[in-house]
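Position chain B relative to chain W; hints supplied.
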Amino acid sequence: MSFARRTRRVTIAALSTSALLALAACGGGGDGGQGGEPAPSGSASQDPAYEQRGPITMVQGKDTSGNVQNLVDQWNAEHPDETVKLIELSDEADQQRNQMIQNAETQGSEYTILSMDVVWTAEFAANQYVDPLPQDKIDLTGFLQPTIDSATYFNQLYAVPTTSDGGLLYYRSDWLEEAGLEPPTTYDEMKTACETIKAEVDEAADADCYGGQHQKYEGLTVNISEAVDGAGGHITDDSGQPTANSPEAVAGLTWMRDAFADGTIPQAALTWTEEEGRQAFQDGKLIFHRNWPYVYNLASESDIAGKFAVAPLPGLNGPGISSLGGHNWAISKFAENKGTALDFMIWLASEEVQKSNALATSQAPTREALYSDPELIEKYPYMETLKASIETARPRPKVVNYGDVTLAIQDATYSTLQGNTEPQAAFADLQTKLDGLIQ
Amino acid sequence: MATVTEASRAVQPPPGDTHKRKANVLSDGQGKLAAFLISPTMIVLVAIVGIPILLSIREAFFRENEGIDPNTGLLQGGEEFVGLRNFTDIFAGTNNVTSTWGTLDRFINAFINTSLFTLVCVLIETVLGVAMALIMSKAFRGRGIVRAGILVPWAIPTIVSALMWKLIFDEAGIMNRILGAQVLWLADNFSSFWAVVIMDVWKTAPFIGLLVLAGLQTIPAEVYEAAKVDGASVWQQFVRITLPMVKPTLVVAVLFRTLDTLRIFDAPYAMIGPAKYSVETLSMFAYEEANATRYGPAAAYSIVLFLYIVLVAFIFVKLLGADVVGDEESKALREQRRRKKAEGKLAGSRTGKQRTSITSGGMP
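Protein sequences, first through last, are from chains W and B.
For what it's worth, our numbering labels the leading residue of the first sequence as 2, then goes sequentially.
For what it's worth, our numbering labels the leading residue of the second sequence as 586, then goes sequentially.
Calculated directly from the structure, the hints in this document are not laboratory data.
You may find that some hints are simply not true.
Derived DEER-like restraints, expressed as beta-carbon distance ranges [to be verified]: (1) Gln-822/B to Glu-89/W: 29 to 35 Å; (2) Leu-630/B to Ser-240/W: 52 to 58 Å; (3) Asp-74/W to Val-745/B: 54 to 60 Å; (4) Ile-623/B to Glu-89/W: 39 to 45 Å; (5) Ile-763/B to Gly-264/W: 20 to 26 Å; (6) Asn-298/W to Pro-655/B: 54 to 60 Å; (7) Ile-744/B to Ser-240/W: 41 to 47 Å; (8) Ser-240/W to Gly-652/B: 16 to 22 Å; (9) Ala-766/B to Gln-136/W: 42 to 48 Å.
This structure is a prediction, so every number in the text was calculated from the model and none was measured.
For glycine and all other residues, C-beta sits at the position ideal for the given N, C-alpha and C.
Okay, chain W solo, but in the shape it has when bound (with noise of 0.2 Å):
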């Protein structure tokens, strides 16, 4: 065991210096790390590194705000014998989860808290590379449920919740009540508004209706899944088992690829994520866009500013569902000095430390009692809106390979989208490939 772990750090010490050879020396040897130690819950509190304290570091992407700084400088000036440095990542998610996953295969102890996206929730609990965590030292009355169950794998706490994420229905306020409509909450009402207004409005003649995300990445995952839901569906029902070829799983699926066909989603959006739908929509391409809450402050600051407003997402039959997002803090199995870090996170839960990123960056905070905070809902008009949202947001599938998954998911969509498949077919393979995936 203890030579299998030699190999494995020899062999990956080795291949990050080949990185030219990455491709053709991507092994990674050795049969170390994660060789069946069980980890009872509360097993942590044991763990002698709990009782250690000193200086450690906080990974996470790039911080675009620069609070992330500004807090950890604020902690490091009253906690001058455990300061904390800020590593920041690469922008992409991917490789966030890369270098992370490297650390700990490597059994690094240079990186102590990770920012872990609630995907990876499983995958770095299951391989063991972040520590459970002692649940009787983490108060968490206070925090909206769904971000603690995205922090939970098997009954057990892996992460402290950070922020968390919603989908909105933005829309064009201006040409709805140019229309005399309401905001729509199914599907069909949204349709029947878009040809009312393009009937009505001038300016939106040539807008189109609707748009999210739609490009082959992790955003269509989260599409797709919002519009299973909102049909009765689930890709994955709430014990982690799939039901992916349910009629109401594929209702939802259809009307993605019927919306695509008749026009009520643009072509173009098939390349969109985040931030070609934004522009879109900023443009005055598009009536209704499903994003997430950071576009509110930049569609502020743009041509339409003042002339849109956020709803909750429509589903097919009735109010849509969300899918969950949000970033957790976990602390890394190999890490030195973890009595410091766990005082670290939970200092930065708290309720003023969120509220003061909640301010600075836009992010949405975990605690229940900050959406109804007046100095956050007059900054953020939509924060209502956003906490009913992650109140009924579903998570993505619980599971250690999430990324075969996520992938699996993304295929027979994208192939549906593109006409390529139909939808009853293209679900019921997605439903013969995740029974393998999932165990």
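Only chain B this time, still in chain W's reference frame:
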């Protein structure tokens, strides 16, 4: 410094030791010193190239355990030896994907994409590259600017040009405005394939152009003058003089481009995106597998790609006689030895004959 005599003595072996001599055609008796001097480099190379390659070959025969403990949800971990299964699974048809080429195994699909990219890109690049070289070699005003202009795409890092072309090929981008049509280049269809071809040709045709230009400049002007005197047309000059004389350079340039394009990764990955099956190449697929922490299959696919590249390089060298190493010296020495052997047979054994050294470094 070795004198000519010493050098030749070293080359002349004791009688009866002919096959040792064959291996050391260039040796001047300083083999041990040379080995000592280059050993640091060799040690580094072994550490950063040799060992990782060996380990990844080993890895290709293993697979991670994917079993999950039903109570804790933790991975059981560890690896098992699977023999050739990582290779044979390519043909098991368990991982089918749908692309422009129909429903195929993901590996086979990637293999087809890789080969087609190579064929199409290199073909177009060769034609354009030669044309560029011909233009660059002509003397005209502003030649310097044209030369620099043609080389700019080649100097830009691929990842940067991929992102640049991503903007051009955006559904609301310049390309669609020029065409006046709405082509979804960045989706996953046949136009995505061509988007990659266009970008790759734009980027690397100048490379072939540059190498061919170097070849063109070695052709003496007198040859063309003579042809002109003989009344050869421009086309005849090109086909009968330029092409044959530039062929050695051109073949090497095409070989380099072929080997390079077989590894194509950043253009389709950064521009079109991962898991787009109409552009997914072998490098991309191997990368995606490693990304999914399936190092065994990833290593296996990389090895297949490696063997494929070796095969193509071999065919090139054998069929087109590409002289990649360009080791004139050892060739000349081998030739000389062959001649001498023939001479020796003719006139009985004559030893101690001095040779003229071709190595400039060997002369005092």
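Hints versus structure:
| no. | hint | result |
| --- | --- | --- |
| 1 | Gln-822/B to Glu-89/W: 29 to 35 Å | 60 Å, violated |
| 2 | Leu-630/B to Ser-240/W: 52 to 58 Å | 54 Å, holds |
| 3 | Asp-74/W to Val-745/B: 54 to 60 Å | 34 Å, violated |
| 4 | Ile-623/B to Glu-89/W: 39 to 45 Å | 41 Å, holds |
| 5 | Ile-763/B to Gly-264/W: 20 to 26 Å | 24 Å, holds |
| 6 | Asn-298/W to Pro-655/B: 54 to 60 Å | 45 Å, violated |
| 7 | Ile-744/B to Ser-240/W: 41 to 47 Å | 43 Å, holds |
| 8 | Ser-240/W to Gly-652/B: 16 to 22 Å | 19 Å, holds |
| 9 | Ala-766/B to Gln-136/W: 42 to 48 Å | 59 Å, violated |
The earlier numbered hints that this structure contradicts are 1, 3, 6 and 9.
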